[in-house]
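K.L.:
The residues making up each chain are set out below.
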Amino acid sequence: MSLSFISPIRIGFLKVVVALAFVVLIGRFVYLHVFEHERLSRIVEHNRENMRTLYSKRGDIVDARGNLLAATREVFEVGVDPQAFDQEEDGEKLVELAKILELPESEVLEKCNRRLREVEGPNGVEKRDVRWVVIAEAVNQEVYGKVNDLKIKSVYGNRKFQRHYPGSSLASHLLGFVNKEGVPSMGVEQYMQFYLQGQDGWREFEHDGRRREMAQFKKREVSPTDGMGVQLTLDLVIQHIVEEELVKIARDYNPESATIIVSEPSTGDILAMANFPDFDPNLFFKYKPEELKNRAISDIIEPGSTFKAVTVAAALNEGVTRASEVFDCGQSVVNHKDRDLRLPSDSHPNGRLSVTEILVKSSNRGAAFIGVRLGEDKLYRYARDFGFGQVTNIGPAGEEKGILHPVSRWDGLTITRMPMGHAVSATPLQIHFAMSVIANDGVLVKPRLIKRAYSSDGKLEISFDPSPRNRVIKPEIAREVAKMLMGVVRSDGTAHKAEIPGYEIAGKTGTTQKIVDGRYSHTAHVASFIGFFPASRPKLMVSVIINEPKMTKGLSGYGGVVAAPAFHDVSEKLIRYMGMKPVNGEAQVAWKGGPLDWSR
Amino acid sequence: MNKQTDDYRFLCIASGVFMVAVLGCLALGVVWVRQSASSTAKQVQKCEAQLQQKRRILAHVNEQFAKAHMPSNLTQDTSSELITPVAGQVRWITVTDRMPAVERPVIREPALVSFELALMEGSRKR
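If you read the protein sequences in the order shown, they are chains L and W. The numbering used here numbers the first residue of the first sequence as 848 and each following residue consecutively. The numbering used here numbers the first residue of the second sequence as 1106 and each following residue consecutively.
Any given hint might turn out to be false.
With a cut-off of at most 20 Å between alpha-carbon atoms, the simulated PhoX-like pairs for lysine-lysine come out as follows [to be verified]:
1) K1065/L to K1151/W
2) K1147/W to K1066/L
3) K904/L to K1159/W
Read the hints as simulated data drawn from the structure, not as lab findings.
Just chain L, with the same shape it has in the complex:
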């Protein structure tokens, strides 16, 4: 066909239409690329690009020897999508699934068939599809592998971090726990959060149509920084010895609570600290709040007779008395500032006692005489210097500072009552560290629980060194008092059950009457024994405090009866564990096999 047969109008019209079509097309391109560019680019990027948080792993907590106390593990939350669950195809596999997850079969079946849920909507109760039901909250890699092997399409797991404490209740009060939301709630976990938590990272990447990450289009990535590890001064074995003893105490005396603390006097290192009742941080949600309390730092009690060591040390340091000076403890009244003050009574009548005997026999009157001699201001100052009325700053939250009233708030009898450990209250840790002043040549040290924080690659290490707080008494006075305290565990002392021949045990018993209904109770006691050994070169300080031991008929829950034997048992095990050499040849640590010959 020749061109001459086509109408020029038609061809002209066609040209215009084609030209217009191109104009519209170009116009559209211009519109999309210029005017709508930003919005469309955003949509495209949003569909293609993705941002993922790379979670950091919380640091481990280890003991002084590197044993793992708290770690973070990756677990799987296994669940089911009931809408995708096929009863015919997978029904039989549920028996196996229930067996693997150690759950009742009926429970698993019920969860798989929970297809609808009722929701309160604007038009009343509505029924909606259930797309996810948790079957097991945290299963490990091994178990999840077995679950995967079943190949149930609708059952799968989501990875998550979970804090785990391999020792279960071991050192639970010190470690604390991390709750289900990942928030540390108490103990070292909370105190060292800054070091433990780490820093999350992120990755910007593109994904394909199935939302799978396309590695080749990874744009930017900031790697996560795992949390630092924290090493404690705690010794796992010592902690175990202490907790074992607490179990025994709980079984024998069923007390309200009990605390044992072991430390190194020269550094203030806490080697063990445990309370009864305790809890398992892996299952923290099953316990009552009072069981979660670290009573060693949050309960305040009157120190009782253990405070007499403070009174005597202060008086000797001030030179107002000497070890051999004799006081008439038969007197019931003392004159102080032109006033006759009634003295507290002793558990059994004492006659004339030297200062050493006052400590050994734990005479309340004797302590009151020394306190009166010392005077209010000095007694208060020394009590404060020994750490009473102020927090020890051990670290974990919840520490109480105790009660030590200023002299202006004392009543007329306080000067005769405080020297025997009444009218002053302290935490078990404060009492422990007050006594460690005597074991540490007169210097009060700050308790050290954290040894260091370290990065997992070993590039960064932050040490927490021991720190002395203040000198309280002269070294020679401290040694003299330590020598006097050795008498407490001899046959005529109040704690002969704490004696371990050859190891120079020094200590002081305490039996505090609890205040019930505003009055000192005759049946409810707090029994304690705070001691250290060897007295000439103290290596270990052990405190046993038992709150309201239930005694069999006829027996009283005195410190020498209840706490001293526990001290003995713990110390004996510590000596064996630490391989401590006896100071002299008379050692008879419970190495079985009769009398020992150390010369071999």
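Based on these hints, arrange chain W on the given structure of chain L.
P.N.:
Just chain W, lined up with the frame of chain L:
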């Protein structure tokens, strides 16, 4: 003249074909490089995932190890095996005597026998 025109035409066509070939090769090269980058990236991703998995397993093993080494577990497992050492099984060794004077540490108290050693000796003698 005609031959010269043919030569030019051939040269043009040859240049065109050559350019198309070069461009084609370049394009294919780019595709190949991209494909290589993609497969390498995927391999790296796979390695990272494997490494991550190994780390998880290591953490799991460490945790099991720590659990098994808890004193409560150890005593449960070995309570029938262990005995308290008798006096003859405890030796006090003075470390300083065995070291040259220069290397001798300042120790206030001589070194001591370890509990474990005593236990091992005890088990053997039982």
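K.L.:
All the hints need checking, so say for each whether the structure fits it.
P.N.:
Against the structure, the hints come out as follows:
1. K1065/L to K1151/W: holds, 14 Å
2. K1147/W to K1066/L: holds, 14 Å
3. K904/L to K1159/W: holds, 15 Å
Of the numbered hints stated above, none is contradicted by the structure.
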